[in-house]
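From first to last, the protein sequence lines stand for chains F and P. Plus 468 on top of the position in the first sequence (first one is 1) and you've got the working numbering. Plus 2 on top of the position in the second sequence (first one is 1) and you've got the working numbering.
Among the hints, a few may not be true.
Okay, derived cross-link-like pairs now, EDC-like style, lysine to aspartate or glutamate, Cα gap no bigger than 16 angstroms in a straight line [said to hold, decoys possible]: (1) 735/F to 684/F; (2) 652/F to 243/P; (3) 49/P to 694/F; (4) 680/F to 749/F.
Over the 12 angstroms line for every Cβ pair with chain P, so calculated as not near, a few chain F residues [unchecked claim]: (5) 523; (6) 695; (7) 732.
In short, the hints are calculated from the structure, not lab data. The beta-carbon is built from N, C-alpha and C at its ideal position, and this holds for glycine as well.
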Amino acid sequence: MRRDVLTGSYFTLGDIACAEGALAAGCRYFAGYPITPATEIAEHMARRMPEVGGIYIQMEDEIASIASAIGASYAGMKAMTATSGPGFSLMQENIGLAVMTEAPLVIVNVMRGGPSTGQPTRGGQQDVMQTKWGSHGDYEVIAFAPSSVQEMFDLTIEAFNCAERFRCPAFVLAEENVGHLREKLVIPEPHEIRLVERKRPKCDPKEYAPFKPDEDLIPPMAHFGEGFRFYATGLTHNEKGLPRTVDPDIHAKLVRRLNEKIRRHAKEIIKVKTLYLDDADICVVAYGIVSRSAASAVRLAREMGIKAGLLKLVTLWPFPSDEISRLSEGIKKFLVCEMNEGQIVREVERCSKCSKVSFLPKLGGEIHTPKEILSAIKGAL
Amino acid sequence: MSGLMHPLEKFVRPGMESRIWCSGCSDGIVLNEFLRAIDELGLDMNKIVVVSGIGCAGRASGYINVDAFHATHGRAIPVAVGIKVAKPELNVVVISGDGDLFSIGGNHFLHAARRNVGIKVICINNFNYGMTGGQAGPTTPMGAFLTTTPYGNIESPLNLVQLAAAVGATYVARWTAFHVRRIKESIKKALAKKGFAFIEVVGICPEQYGRRQKMPRPIDMMMWFKKNSVISRELDPSKAEFTPEKIVVGEFVDVERPEYTELMRGQINSIIERLEKEGKVSDVEI
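Full structure from sequences and hints, please.
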């Protein structure tokens, strides 16, 4: 009897699917702070965590939530926190700490309209660049953009797998529209769910160097209380974990590795979905909830004889640069649709070589309608 | 060299560069007493985790040969809470400074004590931000001259003992760097305590604090503590006066209250037990 994987078909909320995905992925520590529109994740975790023997703790703020999740991760638990824009902003410093101390961790951001308190009950895609660049210093992250209740489940598991595999924070970036969407969720049998666990040291504790990577650039992770007696610090450190803050070579080597361990595995991490792209003149680029309108628009365009296709970005970070540059050789135009004033469009422009890039922004919390995207397709060609 | 080894050397992390603390600083005194306390209690070093934040005192976690985490500024307590809740069998200790724990991290202190998470917090209060060069902080006495109070401090300092008592700490003590043996005894008591325990050690900071208050030599601050501190024999935080003229030291709280991780485990176990009894997988509707 598995309490953590509730195999079956349900009609449920995106936020709940995300929480169930986390439990199925082996998450046993959830720390959070109430915030619209991510609160349902915390509420569901509060009810479900004890049933699987896991921990739900409501911390005093989002800073404490992520900090305690880092602590729990070091104590050996798969840990998660969930928030929205304002809380995500508060978490930024400790996202850097998780990067620097290589703490596996999943952070869910159910995005609402900003800046500031903005539109608490309305969706947006305005935190995409903050996810990549929000903390100080150079670092790479992994982020997924679910577009359905099912993907809230599936991609939360994927985020855990990446966090564990690469020892880094991994993000689920969902719009409020997906978090509060209610539709079908299928939870598979436990054996159908692929899980990844962090690499553990096999050496004698005396020989253990906590930040000495294997060939894949990822160091095996010991947990507190296992006798390894190691030190983890946000300061620049050597492979033994000891602070070395003024040696330029040690700093450069460490920061390059933290970036490179993700860049080198980008192909493994990046997922995209395509529709009618084989002979397309125009490629609509969209992610999250917008990709669903975009798919409808592309179908409508095809019915009218327009050679339109869709590139749905499932992974936002690392950015699918190769996919864009490959496409840019065959198509005439990209049309990027986002619920913001222009974030991923800049990445598409950067990677698209000679192809021209059009942009269809939408603000206010509402999703682009297929009609709006269709007329932008027509206008772009 | 082995014949000349310091008796506490075995507790010190190998490979750490020389301590960053200034000569005359009392952070080393607290570190020493912490190690002696562990030694005398015969605790398993594999089951102790030390967490600290940013600042001079925050470097302590690196020097002790246990699992240790050096967090962001002010965030040692929530990291420690995460570790303790995930592995309650560990003895989780936070060692950090007054600015780290009570200015930027103040909120976390309130709530960890309120929840009675069984972590131990040792605050070395040196009245200022030493590492950044002597700025005023939440414990700076009124009138003190520091780099950010060039005309004298006009803010009231926090009374850390009274604050800790008010928010529910189950053990609260204050000593100065002069009370070396008593620091150790309090650390031993705190380590054996189930609930949230707090020790304030009023520290010597000759370089950044004393020097600017006409106490330039380490011995000057030590003499100030010796002359002006009074030991309270009552478990009464209202007696914990703290002014430059009178520093009341001693133990102020020693009570028992249900500890957070125990309450949590109890709740989890009863939920699982009930589900098993009822033959159910889950009570929650998806």
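Now for the hints, and whether the structure bears them out:
no. : hint           : in the structure
1   : 735/F to 684/F : holds, 14 angstroms
2   : 652/F to 243/P : violated, 63 angstroms
3   : 49/P to 694/F  : holds, 8 angstroms
4   : 680/F to 749/F : violated, 48 angstroms
5   : 523            : violated, 6 angstroms
6   : 695            : violated, 4 angstroms
7   : 732            : holds, 27 angstroms
Violated hints for the displayed structure, listed by number in ascending order: 2, 4, 5 and 6.
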